[in-house]
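Can you make the complete structure from the sequences, with help from the hints?
Note that the protein sequences, when read in sequence, are chains P and R. According to my numbering, the stretch in the first sequence is residues 487 to 822, in order. According to my numbering, the stretch in the second sequence is residues 487 to 822, in order.
Among the hints, a few may not be true.
Stretches of chain R that chain P covers, calculated by requiring three or more beta carbons in the stretch to come under 8 Å of a beta carbon on chain P [said to hold, decoys possible]:
#	stretch
1	659–671
2	694–706
3	755–768
4	788–800
Worth flagging that the hints you see were computed from the coordinates, not collected in a lab. We put the beta carbon where it would ideally sit given N, CA and C, even for glycine.
Protein chains: 2
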Amino acid sequence: MAPRIAILGLGLMGGSLWRRLAAEGYPVTGYDIDPATRMAARADATTMSNPSAGRIVDTIPAAVADAEVAVLGVWVPDVEGLMHQIHETGFGGILTDVTSVKQPVQDIIDRKYPGTRWIGGHPMVGFSRQGYTSSHGDMYEDCPWVLCIDEDAKPASTMRDWLFLARIFTSIGARVVPITARNHDEAVARISHTPHIVANALTLNAAASPLGHLALTLGAGSFRDSTRVATSSPDRTASFCSWNSDALADELDQLIARLNQARMILRSGSNNTQALRDWLWPGHVVRSAWPPLPDNEVSFAASGQSLLELGHAGGWVRKVNGTQVVAVRPTSIPLR
Amino acid sequence: MAPRIAILGLGLMGGSLWRRLAAEGYPVTGYDIDPATRMAARADATTMSNPSAGRIVDTIPAAVADAEVAVLGVWVPDVEGLMHQIHETGFGGILTDVTSVKQPVQDIIDRKYPGTRWIGGHPMVGFSRQGYTSSHGDMYEDCPWVLCIDEDAKPASTMRDWLFLARIFTSIGARVVPITARNHDEAVARISHTPHIVANALTLNAAASPLGHLALTLGAGSFRDSTRVATSSPDRTASFCSWNSDALADELDQLIARLNQARMILRSGSNNTQALRDWLWPGHVVRSAWPPLPDNEVSFAASGQSLLELGHAGGWVRKVNGTQVVAVRPTSIPLR
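Structural data, given as C-alpha cells:
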C-alpha cells in the first residue's frame, strides 16, 4: 500500500513533487497558501492519468490528516511558521523539506520542535524558474536529492524513517544522497551559492564604466553561461546565501586565493603561457569528467555509518529493499 | 562584382566563414595546412548550392593570388609565421584575422609588416568546439564581429579598407563593432577571459578535499553553466589569457575586490540578508536586461570618430552603403 503524503506549498519544488507522486499513484494531498495555485492544481488533477491519486485541499489540517509524510515545500524563512501550523494539528508523521540550507533548518527544528520526526531534504534542481506554473512531473528524474543523516548514532526508528523517505524519492527517479546537514551546506556553498555570488560579480565587472556598453555587446557564450544565475531573484539568492553565510564566506576565501594565484601568474611577465596552462589543467581535467558517472551497483545494509560513507564518496541510493539499499558510487574523478 | 576573398586556416572560424561566403556566392578560396581538412572542405564544396564560388587550393600563393582580402584563420601564435608566408607572395590586398586579442597582433604587424593593409578582426562566437568538422555556415548570424579602428586619425584609404571588410561581414549577418584594439582587449578580458579563469577556479573549489566527491555529485545547473568553459582546451585558454595578461590581471583585481565586498557582508553577522540583496541587485538588473536589444536604426557618414563613438556605446554596423553606414545602438541597460 503506497504511503499517504502531504505536500505543503506547491511552488516549483512542491508542485513538481505533487504532480509526479500523483502520476505514480501515491495518495498525495496538496495544499498551497495561494488560492489561485490551489485552483490551478485542482484543474490539473482532473486531467491526470490517475485522477483519484492527487487531491488538493484548502487547509493544512486537511492536508496532513492521515498522512504518513509531510513535505514542506516552502523557503527557509517560512519553515518555522509552517512547522507551527503543522504542529498544532498534532501531526505525528515524518517531516521533510526541500530548502537549500540544511543545518539552520535543523537548528530551528531542534530548538522549537525537539523529538519531531524531521529529516532534512534538498533536491538539487535548477530554480531559475519559480512557482507552480513552472512545475513539471519529470523534474526529479536523475536529480540528486539530499536526505540528511546525523553524525551521531541515531535510534533505529530514525533510520526507518530515512528509508521510508528514500523509498519514495528513489521511486520517482531521484538519486538519494545521504549526508550530514553540515556537509550538505559546505558542498552546496561550493557548487551553488558561490556560483551565484560570482555571477553577479562577473556581471558588474562587465558593466563597469567606461567600457560597459561595449563589453555587454561583445558578451558571447562564456559570459552568458557564467552569469546566467544572476537573473535569479536577488531576494531568494540573498536568503539562501545569508542562511549559509559562514560556509559561503569560507568558499569565497578559497576562490579568491585561487584567483590570486592566476593573477600572480599573469603579472609574472610575458612568458607565462606554460604556467597558466599548468594552472588551468587540473580544473580542465575535473570539469571534463563531470557529471560523475555511476560505477557498479552495490547492495548493503543501511546504517548511519554505511550511508554517510556512501554520501561522502559522492554516491547515491537508487533503490530501497527493506533495510537494504541498492547504491552506486561515481566513477573516479581525479580530485585536487 | 563580389570581392575575391582568401581564407587561410579552415578551423571552426575560418571554415565557417569559407562555407558562408561560398554559399553567398563570393568567389572564396580556402587553404588549410592540414591536407585532411582540405580534402574534407573540397568534398563539401561539391555539394554546395553555389559550387563554383567556394574553392580549395593546396598552397598559400594559390590562395591569395588575385584575392582582394585575405583572412588569417589561425591562433595568435601562428599569425606571425602565416604573415611571413603571405608577405612572400607579394600580396597587396586587405588583411584581417579572427584572433581573440587585438593589440598584441597589431604590435606584431606594426613591427614586422609596417604599411600592410591590416585591420584586426574578432568574431565573438563560442569556441568550446574546434576544427573544420565543427564549422557551419550560419555561425556568424547576429554575431558581434569586432573590426578595429585606430584612435589616431588614419588616411582615408584605411577607412575604405575598413568599410570594404564591414560590407562583407555584415552581408553574412554579423554585427560589425568598430573599436580600438586596446578597448577590444579590455572588454574581452571582462566578458570572456575572466569567465574562463573563474570557471577553472570554481571547478577546483568544488573538487577540493575532503568534500570534493560529494560536491561534484550535488552540482546542478549553476555549477554546470558557471564552469562550462573549463572544458575548453587549456592550451588555447592559456594562450589568449597570456597574450592579454595585463588587461586580464586588472579585471581579476576588480573581480576579487567585488568578491571581497560580498565576503565582508557575509562575515558581518547574522542579519545580512538585506545587505546581500542590495549587493546582488545591480548585477541582477544588468544581467536580466542582457543581451542588449537594438534601438532605432541610424545612418551616418563613416569616419574614425563616428565609428569609435558607435562602438564605445555598444553599437554595431548593420550595413554599409558607400561611405555611409546603417547602424544601431543598444537600448539602454542601466550600468554601474
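Taking the hints in turn, this is what the structure says about them:
| no. | hint | result |
| --- | --- | --- |
| 1 | 659–671 | holds (count 5) |
| 2 | 694–706 | holds (count 13) |
| 3 | 755–768 | holds (count 10) |
| 4 | 788–800 | holds (count 4) |
Of the numbered hints stated above, none is contradicted by the structure.
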